[in-house]
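Read off the chains here:
Protein chains: 2
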Amino acid sequence: MKTIEELQVLIDQEIQARYQILEPKELYEPMWYALSNGGKRLRPVFVLLGCQLFSDDIGKAILPAVGIEMFHNFTLLHDDIMDHASMRRNLPTVHVKWDLNRGILSGDALAIQANIFISSCEKDVLPDVLEVFNTTGLQVCEGQQYDINFEQMAEVSVAQYMNMIRLKTAVLIAGSLQIGAIIGGAKPEWAKRIYDMGIGIGMAFQLQDDYLDAFGDPVTFGKNIGTDILTNKKTYLLIKAQELGNPEHLETLRNYYSSNDFDPVEKVQKVKKVFTDLHIDQEIIGKVHDYSNLALEILKELPVSLERKDELNKFTCNLMDRIR
Amino acid sequence: MKTIEELQVLIDQEIQARYQILEPKELYEPMWYALSNGGKRLRPVFVLLGCQLFSDDIGKAILPAVGIEMFHNFTLLHDDIMDHASMRRNLPTVHVKWDLNRGILSGDALAIQANIFISSCEKDVLPDVLEVFNTTGLQVCEGQQYDINFEQMAEVSVAQYMNMIRLKTAVLIAGSLQIGAIIGGAKPEWAKRIYDMGIGIGMAFQLQDDYLDAFGDPVTFGKNIGTDILTNKKTYLLIKAQELGNPEHLETLRNYYSSNDFDPVEKVQKVKKVFTDLHIDQEIIGKVHDYSNLALEILKELPVSLERKDELNKFTCNLMDRIR
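Sequence lines, in order, name chains A and B. Read the first sequence against this note's numbering and you will find it ends at 348, with the numbers running on by one and no gaps. Read the second sequence against this note's numbering and you will find it ends at 348, with the numbers running on by one and no gaps.
Hints listed in this document are in silico derivations from the structure and should not be mistaken for laboratory results. We treat Cβ as the ideally placed atom computed from N, Cα and C, and that holds for glycine. It cannot be assumed that every hint is accurate.
As the list claims (entries may be wrong) - Mimicking DSS-like on lysine-lysine, the simulated pairs with C-alpha atoms at most 30 Å apart in a straight line are:
no.	chain 1	residue 1	chain 2	residue 2
1	A	Lys216	B	Lys264
2	A	Lys258	A	Lys26
3	A	Lys49	B	Lys257
4	A	Lys84	B	Lys257
5	A	Lys121	B	Lys121
6	A	Lys147	B	Lys211
7	A	Lys84	B	Lys147
8	A	Lys49	B	Lys211
9	B	Lys258	A	Lys211
10	B	Lys258	A	Lys257
11	B	Lys26	B	Lys147
12	B	Lys147	A	Lys216
13	A	Lys257	B	Lys26
14	A	Lys258	B	Lys211
15	A	Lys49	B	Lys264
16	B	Lys297	A	Lys121
17	B	Lys84	A	Lys49
What the hints assert, rightly or not - Facing chain A, a subset of chain B residues (Cβ under 8 Å, in silico):
no.	residue
18	Ala109
19	Ser110
20	Asn114
21	Ile136
Unchecked claim - One side only, chain A facing chain B, incomplete, derived with CB under 7 Å:
no.	residue
22	Tyr43
23	Ile45
24	Lys49
25	Glu50
26	Leu66
27	His102
28	Leu129
29	Ile136
30	Ile140
31	Val149
32	His303
33	Gln306
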């Protein structure tokens, strides 16, 4: 069985091996610029982990896994335009480095390249793989639209937020695991359970991200602390605080979220104090544990050897450990 | 055998039957706004015509045909953003009616919907259908990139222009015919020949469009005459004039294409005079005939009954008749 680190290296090697700037280079350069810019390769690794649960031959899942990473990068290119993001993984985003047109068009081309790689799986599993992939892709668009809608909404409920992160983040992780499982030869009912496990992992992963953005260790988190607060992002923490806060808390939040004229350190500190006063930091840790445990329960039921489950088990436990 | 007009009605009915605004409506409304906005439904009709060449059961090609129309509309949504187009078929374009984000994201969702519909073909032909569809899709992106590049280039050669319109326009018509033929049960070598026929039809179609924009009858053409000239578009007519013109012609073109400070009627008239003085109007008619005849030759060789070929034959002959 390969470890997650080994699978990450494998995916990086496969992507690098395919690096090729075809003509017109204005189209292909931004695609490879985005694809080569590292990241954790989480989604393709999940494809391989899903396959590894059922098969010793993960080779047949590698190209579809690369396709999933291409699809993910396509969504990043377009999301960065929609979110006006100028940096991604310490490099300028495509529409900033080049221009809007290249951000749109090279994103489109990446989506089609993704289809080509996904479709390279074995013929007998192709219809099932495509059904999961296309359904998931459409849901990711729905999630992004809800996320955009939330920016304009005065109030977002916890249920609406959970539905948004399920669509925007969790379904692609779940779909990646299911596609890997299908390619690995899983029976349909188990492939579906693995999808459910992936939803648990994906929800835990996103909620952990919300938590770490406010309460993480700046050194190990690898991003600046408080970015979500400073950009007025409607995260689980804020939405829950708006639900639970007394009039004084709500006044503090309204105050700090109605303008950007505050000292950033002060704003982060005061908003975090509202979160901790309301114990939302503890509550979100509980939610991460709940979703992780849901995933672990499904993994436990799975009728394959412990050895095959090991890496998924470790990954899921790590989600909890990082915010214990 | 169904006529082109009957097939257009069939496609429109199938699209209307699927009209459904799911949640979030901000995503699905623009998709259906674009899809419902008519047009000639040329590409899906070609899917059905390709199928009809080999099969009495065109029913199995209808959903993939709708998928091709969805893909075409996805490219229109994004092209309209890139080309700063504010109107399409007498209605505001999506990014103008709503905003940039909805133009990008509903385009993405249309592309994924297209994949879902294309993938609904029978399993035994799915890998071949997808190979044609995905290869074609990537080429359409390449064509759009070349078209964008041309705007910034002082000189574009005829060969570069022909390559661009092949990628941007002809391959999707060719791919549509080939996909229909594959679904209809064509042998691989015939499906490939039908693709070549489609390239001929597509090239003739685009060159006819270039001709009609300058020399068409405003009543029957259905668009304003001279739009390409007034928007300084590098069409076959202009590129060929730059290749063939004497110093005086070139000076006239430089003059009228270097600014927009001219009376539009005067500009169209003077530029068209350069085209006719150089006999480029006649030359492009010759090119349309050459490409149409190439298509007709392939159609003639095809080992199916004359009755099955009839509609494609008529369509191709019409391309020539409209600019005789």
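Here is what the structure says about each hint:
no. : hint                : result
1   : A:Lys216 / B:Lys264 : 59 Å, violated
2   : A:Lys258 / A:Lys26  : 38 Å, violated
3   : A:Lys49 / B:Lys257  : 22 Å, holds
4   : A:Lys84 / B:Lys257  : 47 Å, violated
5   : A:Lys121 / B:Lys121 : 28 Å, holds
6   : A:Lys147 / B:Lys211 : 19 Å, holds
7   : A:Lys84 / B:Lys147  : 20 Å, holds
8   : A:Lys49 / B:Lys211  : 35 Å, violated
9   : B:Lys258 / A:Lys211 : 56 Å, violated
10  : B:Lys258 / A:Lys257 : 45 Å, violated
11  : B:Lys26 / B:Lys147  : 26 Å, holds
12  : B:Lys147 / A:Lys216 : 21 Å, holds
13  : A:Lys257 / B:Lys26  : 55 Å, violated
14  : A:Lys258 / B:Lys211 : 56 Å, violated
15  : A:Lys49 / B:Lys264  : 26 Å, holds
16  : B:Lys297 / A:Lys121 : 43 Å, violated
17  : B:Lys84 / A:Lys49   : 38 Å, violated
18  : Ala109              : 13 Å, violated
19  : Ser110              : 16 Å, violated
20  : Asn114              : 24 Å, violated
21  : Ile136              : 4 Å, holds
22  : Tyr43               : 17 Å, violated
23  : Ile45               : 13 Å, violated
24  : Lys49               : 9 Å, violated
25  : Glu50               : 5 Å, holds
26  : Leu66               : 21 Å, violated
27  : His102              : 5 Å, holds
28  : Leu129              : 6 Å, holds
29  : Ile136              : 4 Å, holds
30  : Ile140              : 5 Å, holds
31  : Val149              : 11 Å, violated
32  : His303              : 32 Å, violated
33  : Gln306              : 32 Å, violated
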